[in-house]
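Trainee: Chains R and E are the protein sequences, given in the same order. The working numbering applies: residue 15 is where the first sequence begins, and numbers increase by one. The working numbering applies: residue 2 is where the second sequence begins, and numbers increase by one.
Any given hint could turn out to be false.
Said to hold, decoys possible - Per label pair, the in silico range of CB-to-CB distance:
| # | chain 1 | residue 1 | chain 2 | residue 2 | range |
| --- | --- | --- | --- | --- | --- |
| 1 | R | E314 | E | S108 | 47 to 57 Å |
| 2 | R | E314 | E | H129 | 33 to 43 Å |
| 3 | R | E314 | E | A198 | 50 to 60 Å |
Hints listed in this document are in silico derivations from the structure and should not be mistaken for laboratory results. Only a predicted model underlies this, so the values are computations on that prediction, with no experimental measurement involved. Even for Gly, the Cβ is constructed at its ideal location relative to N, Cα and C.
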Amino acid sequence: MRLGLGIFGMQSVPQRPDHHVKLYRDVLEDAELAEALGFDSIWLSEHHFWFDGYCPADIAVAGAILGRTTRLGVGTAVMLLPMHSVQKVADDAATMSRLGEGRLTLGVALGYRDAEFDGFGVRRKDRGKLMDVMLPRLAESCAAADPPVPVYVGVATAIAAQRAARLGLPLFADSTMTPQELREMLDAYNAAAASAGLTPPLTHALQRDVFVTDDRESDWAMLLPELRYMRRQYGGWSLPQEPDETIPSYLQRLESDIEAKLKNLIMGDAAYVAARLREFESLGFDLIVCRSQFGNLPRESLHRAFEGLSRVREAVSP
Amino acid sequence: MRIGLGPIALKNAPRIQLESFGREAVASSFDAMWLSESRAEGVGGGLAAAALLAQVVPIRVGAVIDAGLYHPLHLAEDIAIADLTSQGRIEVLLRFSPEATSRYGASTARDWCDDFLNVLALALSGAHFQWNGKHLKVPARIEANQPAPERLALNPATAQPAVPIWIQASDMWMVDLAREQGFGLARNFEPGTRVPAANGRWTGMLLCPNDVQPAEALAAATDKGAYFVVAAETPAQVSSAGRRLAGPLRMPGFPAWINQQ
Numbered sequence: 015m016r017l018g019l020g021i022f023g024m025q026s027v028p029q030r031p032d033h034h035v036k037l038y039r040d041v042l043e044d045a046e047l048a049e050a051l052g053f054d055s056i057w058l059s060e061h062h063f064w065f066d067g068y069c070p071a072d073i074a075v076a077g078a079i080l081g082r083t084t085r086l087g088v089g090t091a092v093m094l095l096p097m098h099s100v101q102k103v104a105d106d107a108a109t110m111s112r113l114g115e116g117r118l119t120l121g122v123a124l125g126y127r128d129a130e131f132d133g134f135g136v137r138r139k140d141r142g143k144l145m146d147v148m149l150p151r152l153a154e155s156c157a158a159a160d161p162p163v164p165v166y167v168g169v170a171t172a173i174a175a176q177r178a179a180r181l182g183l184p185l186f187a188d189s190t191m192t193p194q195e196l197r198e199m200l201d202a203y204n205a206a207a208a209s210a211g212l213t214p215p216l217t218h219a220l221q222r223d224v225f226v227t228d229d230r231e232s233d234w235a236m237l238l239p240e241l242r243y244m245r246r247q248y249g250g251w252s253l254p255q256e257p258d259e260t261i262p263s264y265l266q267r268l269e270s271d272i273e274a275k276l277k278n279l280i281m282g283d284a285a286y287v288a289a290r291l292r293e294f295e296s297l298g299f300d301l302i303v304c305r306s307q308f309g310n311l312p313r314e315s316l317h318r319a320f321e322g323l324s325r326v327r328e329a330v331s332p
Numbered sequence: 002m003r004i005g006l007g008p009i010a011l012k013n014a015p016r017i018q019l020e021s022f023g024r025e026a027v028a029s030s031f032d033a034m035w036l037s038e039s040r041a042e043g044v045g046g047g048l049a050a051a052a053l054l055a056q057v058v059p060i061r062v063g064a065v066i067d068a069g070l071y072h073p074l075h076l077a078e079d080i081a082i083a084d085l086t087s088q089g090r091i092e093v094l095l096r097f098s099p100e101a102t103s104r105y106g107a108s109t110a111r112d113w114c115d116d117f118l119n120v121l122a123l124a125l126s127g128a129h130f131q132w133n134g135k136h137l138k139v140p141a142r143i144e145a146n147q148p149a150p151e152r153l154a155l156n157p158a159t160a161q162p163a164v165p166i167w168i169q170a171s172d173m174w175m176v177d178l179a180r181e182q183g184f185g186l187a188r189n190f191e192p193g194t195r196v197p198a199a200n201g202r203w204t205g206m207l208l209c210p211n212d213v214q215p216a217e218a219l220a221a222a223t224d225k226g227a228y229f230v231v232a233a234e235t236p237a238q239v240s241s242a243g244r245r246l247a248g249p250l251r252m253p254g255f256p257a258w259i260n261q262q
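Generate the whole structure from the sequences, applying the supplied hints.
Mentor: So, in structure tokens, the structure goes:
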């Protein structure tokens with residue numbers, strides 16, 4: 015099993031604001047640490063026009079990380095492909111794969127936030143059709159690049175997995191999916207690949223919220239505000255307020271979503287986390303991208319979690 | 002006066018080559034090193050490559066970008082992130098290439114360029130803006146996407162208060178557009194050419210061959226200064242150009258005997 019670190023959005027969050035010059039300096043230091051600790055890769059996330067400055071241009075950050083490191087892989091988790099020019103993404107990726115000596119990986123997905131689609135003049139409702147057109151073009155261009163750029167398809171539903179299966183592309187599964195949901199999605203994926211006459215990839219990537227600690231109680235108190243911010247933000251984007259919904263009832267609905275998703279966090283000592291991650295490996299996920307940065311954690315706490323995770327890495331991929 | 006190295010073509014350039022040019026550019030006292038994408042040939046990533054190079058060299062880094070091919074907000078975002086990762090050392094030269102435009106299936110219309118540059122300038126200004134042009138409406142206010150804000154802002158903003166951007170203009174209307182938007186102007190060196198007039202805080206840029214002589218460069222400069230970007234194909238050419246040009250372009254009356262030592 016390979017372990018990646020991520021996903022990084024370089025956000026200046028309300029509970030711990032920082033200037034973005036510092037946040038980008040920090041992520042470059044994090045990448046150096048990830049490389050020194052022997053991680054497989056570091057992964058970057060993309061959103062647009064959000065007040066906290068959520069990173070909107072992953073390949074530009076990837077370029078900086080590739081410049082700062084020599085061995086570490088760098089991936090996008092995930093690039094919101096229907097909002098982009100597929101030709102631009104393919105041309106950017108090919109150049110950076112060459113300069114990065116084959117260390118760049120693209121994870122791409124649909125996107126879901128109306129305001130982002132609107133900014134780029136794309137109808138959100140067209141995102142599936144756009145993906146059907148863009149993904150084969152991207153996959154073809156990335157396969158022809160020298161070195162080739164691996165492409166993963168970000169998924170949270172069977173429909174998205176089936177789209178990837180028809181192209182024989184591996185999955186990058188969402189962090190909030192339960193093992194049962196992952197099994198069902200892989201079944202749908204494998205069936206779609208078989209229908210298309212393709213032999214699908216045997217392994218896939220998965221994102222999980224993970225925090226390695228020997229002091230669960232103290233770290234939980236530190237993490238909770240950051241986790242709640244992150245989950246409220248994603249929840250607010252994917253479950254927007256309905257026109258006839260009052261703010262109190264909307265917040266109540268959001269809160270239920272937050273509480274449900276907080277339960278996905280894998281938190282404990284290295285042995286516990288290693289055992290939990292092996293469960294996902296047995297499902298067919300050989301690359302697990304572990305998110306320990308929720309919002310903007312204190313640097314010392316984050317690095318302690320990375321070091322804990324490096325003990326997990328030694329246990330699961332000796 | 003300022004001197005930059007390049008632009009070094011990204012096509013087929015391995016990282017090791019960029020690093021060796023970068024080391025020589027620093028050792029030879031260049032103010033900046035420039036890279037050039039070529040989307041007509043499938044070579045993109047100019048700003049990502051500049052972000053990479055900025056981790057390798059301590060000087061400013063420039064990216065020659067094929068403009069008008071995709072949504073200007075993506076270009077503004079690439080500029081902002083490259084500027085942040087480089088701690089505020091990014092410079093940009095935009096050019097409108099017919100060959101790249103054809104490959105991307107983009108418009109060559111004048112009013113598309115107008116929309117493109119207006120949206121780019123607004124996005125980089127830090128404003129909460131909206132734009133209603135002939136080709137671009139930002140935000141688009143598509144009914145199916147609602148609710149969405151009436152205005153948007155580029156987040157995060159650039160590290161520099163204003164990222165220096167030049168345009169290599171081929172037509173007078175583009176020169177006027179660049180001036181209107183506060184971008185600098187660039188042109189290729191030819192014997193007898195003058196550096197384009199400064200626009201606001203940005204001096205004109207002249208893209209020079211490697212063998213440009215100090216006297217020629219100084220004759221081309223204006224009272225508002227100049228930015229000479231000097232080509233090189235080998236590290237040795239970087240070194241010789243830096244040694245030849247740095248002193249004379251930085252000090253009026255530079256004594257010739259210094260370079261004879």
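Trainee: Sort out which numbered hints this structure fails and list those numbers smallest first.
Mentor: none
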